[in-house]
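Fit chain D to the given chain Z structure using the hints.
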Amino acid sequence: DAGVIQSPRHEVTEMGQEVTLRCKPISGHDYLFWYRQTMMRGLELLIYFNNNVPIDDSGMPEDRFSAKMPNASFSTLKIQPSEPRDSAVYFCASSPRVRETQYFGPGTRLLVL
Amino acid sequence: RKEVEQDPGPFNVPEGATVAFNCTYSNSASQSFFWYRQDCRKEPKLLMSVYSSGNEDGRFTAQLNRASQYISLLIRDSKLSDSATYLCVADNTGGFKTIFGAGTRLFVKA
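For the protein sequence lines, the chains are Z and D, in the order given.
Under this note's numbering, the first residue of the first sequence is numbered 1, with each subsequent residue one higher.
Under this note's numbering, the first residue of the second sequence is numbered 1, with each subsequent residue one higher.
Extracted from the complex, chain D is given alone in its bound form:
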């Protein structure tokens, strides 16, 4: 089993749609979680951190479920510019070795 698993997609959605991604992690001791966004042929960039209580940033909402060991990302009112690959990240120990998921590809269509 991979340490961080994501549905690779692709997710094809129309503009204005709501789309949700899930990501599971295997290490129950993981303490920090993030969502990164990666555009084609670019470097990953932080989208948002994921806090235990859940957090929201504009159209984006992240949730953490420790009992089931998954994190989620919800995108509301999708824009064409949201088309990218979304990478889920967890640390695999109490330290700072970060594990990236393989990414979920999103295509938003006009």
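Chain Z with its partners taken away, still in its complex shape:
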């Protein structure tokens, strides 16, 4: 079974541009998480979904960030407009049930110039 799939793996963009990150969770997993990792702040939970419904988005840094999960097999994280301080590795993870292991995707390395 394929693991969590993320695309693109690398993204370089200019400040002000819209960035869309994509995630396909493991089939049958009810929970999906978006994280951001930087050297300064470590791994931060941005938002998580349960059965496609956003449960907690308190980690989303500001209104420029939005996330959707239109169905059980797809989620997007969008940044509009992007800023250099958004440069980070963005991970998507999924989990089958509450309080169980989270399986991470390979991440998207975002660089905003």
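Calculated from the structure, these hints are not laboratory results.
You may find that some hints are simply not true.
Claimed, not checked - Just a few of them, taken from the derived set where beta-carbon distance is under 7 Å, the chain Z residues facing chain D:
(1) Gly42
(2) Met60
(3) Glu62
(4) Phe91
(5) Arg99
(6) Thr101
(7) Phe104
(8) Pro106
(9) Gly107
All C-beta atoms, glycine included, are put in the ideal place defined by N, C-alpha and C.
Just chain D, lined up with the frame of chain Z:
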């Protein structure tokens, strides 16, 4: 105070050594705890869950101390391949919002 705190290290140890990491968490209501391992430029992967009674997986032992609100990871007979960053995880409520520590870097030398 951070919700989950770890000594960032780095810990530099020779092969065969025993090394221990501690991690403290601030929310006494936390119910689930994990150790993840992250290799350089890779995603975090589960190393082991941490159970109330403590648990062991080969060379790795995890302990939970609820009274003092810390968890620990002990690695015996360190291997070169154990070199990585070890992330401590706790949920911060009765729900499923997980908080990762900043990680402890381990370097095992030949």
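Here's how the hints hold up against the structure:
{"no.": "1", "hint": "Gly42", "verdict": "holds (4 Å)"}
{"no.": "2", "hint": "Met60", "verdict": "violated (13 Å)"}
{"no.": "3", "hint": "Glu62", "verdict": "violated (19 Å)"}
{"no.": "4", "hint": "Phe91", "verdict": "holds (6 Å)"}
{"no.": "5", "hint": "Arg99", "verdict": "holds (4 Å)"}
{"no.": "6", "hint": "Thr101", "verdict": "holds (5 Å)"}
{"no.": "7", "hint": "Phe104", "verdict": "holds (4 Å)"}
{"no.": "8", "hint": "Pro106", "verdict": "holds (6 Å)"}
{"no.": "9", "hint": "Gly107", "verdict": "holds (6 Å)"}
Checked against the numbered hints above, the structure breaks hints 2 and 3 and satisfies the rest.
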